[in-house]
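Q: Spelled out, the chains give:
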Amino acid sequence: MAKLKNRKKINTPEISTASLPDIVFMLLFFFMVATVMRKNTLMIENRLPSANQVEKLDTKNLIMNVYVGRPSSRYRNVGSEARIQLNDKFAEVKDIKAFIMAERASKTESLRPFLITSLKIDKEIRMGLVGDIKKELKEVNALKINYTTRLKDGSNSNK
Amino acid sequence: MTKRLTPSVNAGSMADIAFLLLIFFLVTTTIETDYGIRRQLSPPQDDPIDTYIKEKNVLEIAINQNDELAVEGNILSVEELKNTTIAFLDNGGNASCDYCRGKNDKKSSDHPDKAVISLVSDRESSYEMYVAVQNELMEAYNELRNRESERLYGVSYEVIKQNLNSNSPSEKHLARERMLKIQSLYPEKISETSLTR
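Chains as they are written, first to last, in this note's numbering: chain U, 69 to 227; chain W, 4 to 200.
Hints are computed from structural coordinates only; laboratory data are not their basis.
In this text, all values refer to a predicted model and were calculated from it rather than measured experimentally.
C-beta: ideal position from N, C-alpha, C; glycine also.
Some hints here could point you the wrong way.
To be verified - Think about it this way: if two alpha-carbon atoms lie no more than 20 Å apart in a straight line, the pair counts; the simulated PhoX-like pairs of lysine-lysine are:
hint	chain 1	residue 1	chain 2	residue 2
1	W	Lys192	U	Lys206
2	W	Lys164	U	Lys124
3	U	Lys203	W	Lys192
4	U	Lys212	W	Lys192
5	U	Lys212	W	Lys164
6	W	Lys110	W	Lys184
7	W	Lys175	U	Lys124
8	U	Lys220	W	Lys57
9	W	Lys192	W	Lys175
Stated by the list, open to error - If you want the ones that stay clear, here's a sample from chain W, every Cβ over 12 Å from chain U, calculated:
hint	residue
10	Pro10
11	Phe22
12	Ser45
13	Lys106
14	Asp108
15	His176
16	Ser187
Unchecked claim - With the Cβ distance kept under 8 Å, some of the chain U side facing chain W (calculated, not the full set):
hint	residue
17	Ile78
18	Phe93
19	Ile201
20	Leu205
21	Asn214
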């Protein structure tokens, strides 16, 4: 008897993995519901300035993104001057009008008045370029704009 | 009679499949929402309209190419801008404003409704500075609006704004009415110009 007991290996009980798929599916559904598809891959450096008097931009489908910044290290072949990025492409200031028109055309008529242009501009950019962009936006009547910023600490914003 | 058993599907790889999907979603989606300062641009005008604004009703803010800030010709730090703006907006120079608590300085603005902030930024000034200034201006407006909102309705302006997204239509309507009322007490009048040299 004693011999038998000694020979028996002390096995750690196996953890049942039967519920693993359930757990992973739960996580999966959480991420599917709580996140949105990433739209653009950035080709520019985009360090946003910080502010605390901000409003949330929650209606993702009503936002037109205009990115401005210096080309990131992978795209140095286009030079190091500040560039505008619209929909995965480098663009010029004059392309903004066409971009806004195209974005408008892709939305239903009832949503068009609520479109917001989100200006995601690197903090190093000079105001001259920003002014030019705003002038273009004015000319196509895209008057609702949002200077997208990072949230500064100690904010008393209306989240 | 033999019982017909449907062969059971091996669920062992289910976890792997789910993991694969999970990782796909983790990589392709973003969770963060954007925050920002909202602004309304002025509509384009073909011919400039001549308007007459008294000089005392204008707060001149200028940013130069070295990111220095000047208010009415005096160099100021960004942190001081908020209080200067509040003092200007809330001045109530000709005693027509019954909710202002400013100094009633004859040389500063008459009424919040008439007070205009003129922001002149040099083409070479940085966007970071510009946003910092915009942020200070918003802070000044929000502080004044909060104060009035507390006085009139007992809740802060921020709470009213949050109620705009509430589910009950009556509350939403009320919040909208209150928001418009408070915005009319301290309307945002900011004129922006870009300086070309």
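Q: Can you name, in rising order, the numbers of the hints this structure does not satisfy?
A: 6, 8, 9, 11, 12, 17, 19
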